[in-house]
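Let the hints inform the model, and build the full structure from the sequences given.
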Amino acid sequence: MPVPLGDLSDLPATTRMLLAADGSTTALLEALLRAPLTAVVDRQETHTANSVPAPLREMLRTARGGGYVHRHSRLLTPTEQVVSINLVLLPRQEADALIPPGQRPLGRHLTGNRLAAGREALGRFTAHWPPRSGLEPCVGKDYLIHLRSGARIYVRELFNPCLVAPR
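Numbering (the working numbering), first residue to last: 1 to 167.
Incorrect hints may appear among the rest.
To be verified - Simulated DEER-style distance windows between Cβ atoms:
1. Q93 with P12: 35 to 43 Å
2. D96 with D7: 35 to 43 Å
3. L32 with P131: 36 to 44 Å
4. V41 with M17: 22 to 30 Å
5. T46 with P12: 32 to 40 Å
6. G118 with L56: 14 to 22 Å
7. A97 with H128: 15 to 23 Å
8. V40 with A95: 13 to 21 Å
9. G6 with A97: 33 to 41 Å
10. G150 with L28: 22 to 30 Å
11. N50 with T79: 34 to 42 Å
12. T46 with E120: 18 to 26 Å
13. A21 with R104: 35 to 43 Å
14. E58 with T79: 35 to 43 Å
The hints are simulated quantities; they were obtained by calculation from the structure and are not laboratory data.
All C-beta atoms, glycine included, are put in the ideal place defined by N, C-alpha and C.
And the structure:
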């Protein structure tokens with residue numbers, strides 16, 4: 001279960017910058033690691049709006065009858081080291097335009113096609129890496145991507161503690 005992070009001042013500078021940034025996480029990670037990143041989709045499923053907790057559904061502005069594509073992915077280095085584990089909820093009705101082709105990261109796809117209008121930070125937190133294992137602490141963040149169409153995308157990212165120091 002993620003634990004909210006309050007003050008970031010005790011974290012390493014690169015971790016603070018990554019968690020506080022309101023722009024492309026992929027671009028920041030690529031600069032930090034000095035390597036291009038690719039996305040691998042582990043699972044992608046369509047769910048009804050009722051499968052999403054009501055507060056998040058309200059932030060996403062999706063009516064009860066609407067649905068979401070739940071996309072579980074990882075960002076990888078050229079040597080296939082996992083950099084982040086991600087959950088993305090995007091509106092089903094716009095999925096064809098929003099889902100990137102091949103191994104292109106979502107943020108790069110949205111920016112390259114001028115689909116995104118901005119980001120809204122929701123939270124920064126500590127969790128476990130890998131998820132559900134409880135082996136190592138890691139940091140993560142979640143945010144909304146506002147689209148030019150008026151729709152919103154929810155993103156939750158967990159960062160590999162070997163690459164993004166959690167303390």
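Right, here's what the structure says about each hint:
{"no.": "1", "hint": "Q93 with P12: 35 to 43 Å", "in the structure": "holds, 41 Å"}
{"no.": "2", "hint": "D96 with D7: 35 to 43 Å", "in the structure": "holds, 42 Å"}
{"no.": "3", "hint": "L32 with P131: 36 to 44 Å", "in the structure": "violated, 21 Å"}
{"no.": "4", "hint": "V41 with M17: 22 to 30 Å", "in the structure": "holds, 27 Å"}
{"no.": "5", "hint": "T46 with P12: 32 to 40 Å", "in the structure": "holds, 39 Å"}
{"no.": "6", "hint": "G118 with L56: 14 to 22 Å", "in the structure": "holds, 18 Å"}
{"no.": "7", "hint": "A97 with H128: 15 to 23 Å", "in the structure": "violated, 34 Å"}
{"no.": "8", "hint": "V40 with A95: 13 to 21 Å", "in the structure": "holds, 18 Å"}
{"no.": "9", "hint": "G6 with A97: 33 to 41 Å", "in the structure": "holds, 37 Å"}
{"no.": "10", "hint": "G150 with L28: 22 to 30 Å", "in the structure": "holds, 27 Å"}
{"no.": "11", "hint": "N50 with T79: 34 to 42 Å", "in the structure": "holds, 41 Å"}
{"no.": "12", "hint": "T46 with E120: 18 to 26 Å", "in the structure": "holds, 24 Å"}
{"no.": "13", "hint": "A21 with R104: 35 to 43 Å", "in the structure": "violated, 20 Å"}
{"no.": "14", "hint": "E58 with T79: 35 to 43 Å", "in the structure": "holds, 41 Å"}
Violated hints for the displayed structure, listed by number in ascending order: 3, 7, 13.
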